[in-house]
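> These are the residues of each chain, in order.
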Amino acid sequence: MLLLWLICGFVLVSVAFFIPGDQAEVWPNLNSAGIAAFLYLLALVGYTMRKPFGRKAQITVWAATLVTLGALGMHWTGMDSMSHWQQKTLLSIREVIGRGIIRAEVPESLLTVLDTFHHQKGKKATLQQVFMNQYPGTKVGDNIHKPNHETDSLRVYVSSLSDTLIAVTAQEMYVKGRERSFKNFNERVGMVQERFTLTAKGVRHESEN
Amino acid sequence: MNPKTDSQHEFSSEYLQLLVAITGATLLLVFGFERLFSHQRFTPDVFIPFPWIVAAGQTIDDGLQMFSGKLPTIMSMSHRLALLADMLVVFVLGPTLLLMSWRKMRLEKEQKGRSSIRGLWTLLFVVGGVASFSVVIPAIPIAIIQRSVATSLFHAQAVQTNKDYMINDINFIALYAHQHKILPKSMGGGEGSYLGFSASRELVSTENGEYIVSPSPNQCAIKATSKLYPSAAISVVVNEAGNLREWTYTGPFE
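Line by line, the protein sequences are chains A and B. Just add 2 to wherever you are in the first sequence, counting from 1, and you've got my numbering. Just add 1482 to wherever you are in the second sequence, counting from 1, and you've got my numbering.
Any given hint could be a false lead.
Covered stretches of chain B (in silico footprint by chain A; criterion: 3 or more residues with CB under 8 Å from a CB of chain A, positions within the stretch not fixed) [stated by the list, open to error]: (1) 1533-1544; (2) 1579-1586; (3) 1629-1640; (4) 1660-1674; (5) 1688-1700; (6) 1709-1716; (7) 1727-1734.
To be clear, the hints were calculated from the coordinates, so they are not data collected in a lab. Every value quoted in this text rests on a predicted model; they were computed, and no experiment measured them. Quick reminder that beta carbons are idealized off the backbone N, C-alpha and C, glycines included.
Same shape as in the complex, but just chain A:
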């Protein structure tokens, strides 16, 4: 009988484990096997605690089983939800960092252009000429951001260039933005993207994704 119960338990839990298939995360497999194990344990306790065990022993074992399974269930579901929350939080922190870097670095370079533009002496150069002095040879579509470190994934593309207006589009290469289907400047999809437009009156900001 012991062997039969063991075989049934192994088969039941193993089959349940493989039902969700080979998914990226192992949670669906574990959860499915956990439900099967829970049902198996209830059946096992029900079977083994029959007579000749007395009422006191039955109540004690059932109570211990249910309290333990309840505590394990709480821990299990708590770890499931908390680890997913932590994963989501990590990604949202990365998004905040990405936007923070964009908002701290990109407008600063445009304000340098604006400062130079308004403090010219003699013959006045256009915004575009001032910008080109700062970024020689740049044309629309070029990335003007020099990476600060190996994993720096920020791109700052010149999206519009004229005598009176300069627009740059700052984009993260792998940090997801608000809309997953948003088409980015460089054809990627769903990444953080912010646009800054410089005119003689100053910088205008637009958070695109």
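Dock chain B against the given chain A, drawing on the hints supplied.
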């Protein structure tokens, strides 16, 4: 059957001694295990009585991978099988050996007989007990600790998120303050001075906080107070070059 006599059978001194021995062995095993493997990362290569901790570790690891722009790792089949083996030991093998051997010994006692393989049943009872109690003993404390850790983590993260968003808001105010200093008076600017700068209504009151801007000729002070945690505040100064300096955090932001 007399109920008193019946319960005396189930909780006999022999049985209780066995139970205490199993609990002691389990505690030794748990602490020994912890000492042996405390320096290792959670990997399913070693037996872990709580397989969901490995799954949680993988989920967080995936988050870190994505944080760094890498693809999440997919757990190999051998690791999945190791997790399944943990599940089988904890939820099938242990309880089945414990309860079935207990039942067998109880039945033998009832029939007043002594089986020649009683020693084997006792051994199975001990093995099953160690496997089961390694999960049962810590189950309730870890469930309580986990809830309390989760609550404090959620709170700490909510405070940090509010702080991050407020720093972003301050960056924008600083940008427009610096821009005001650059622009000539003919365009509404300060022409080399922060004086006259006032942030727009959308900038001084966002969903994250309230911002008070105090411009002087060479610098512009910004005092931010959180809307979610009123005792939390940030003070910072935009210096002459337009850079943010002298960051001060108070209250929960400290």
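> All the hints need checking, so say for each whether the structure fits it.
Going through the hints against the structure:
Remark: the stretch 1533-1544 of chain B is confirmed as covered by chain A, as 11 of its residues place a Cβ nearer than 8 Å to a Cβ of that chain, reaching the required three. Evaluation of the coverage hint for the stretch 1579-1586 of chain B: fulfilled, as 7 residues show C-beta separations to chain A shorter than 8 Å, against a requirement of three. With 5 residues bearing a CB less than 8 Å from a CB of chain A, the stretch 1629-1640 of chain B meets the requirement of three and the coverage assertion stands. Check on the stretch 1660-1674 of chain B: 6 of its residues sit with their Cβ under 8 Å from a Cβ of chain A, so the three-residue criterion for coverage holds.
For the stretch 1688-1700 of chain B, the stated coverage by chain A is not satisfied: 0 residues place a CB nearer than 8 Å to a CB of that chain, which falls below the threshold of 3. Check result for the stretch 1709-1716 of chain B against chain A: violated, 0 residues qualifying (beta carbon to beta carbon below 8 Å, three or more required). Evaluation of the coverage hint for the stretch 1727-1734 of chain B: breached, as 0 residues show C-beta separations to chain A shorter than 8 Å, against a requirement of three.
Comparing the model with each earlier hint shows violations of hints 5, 6, 7; every other hint is respected.
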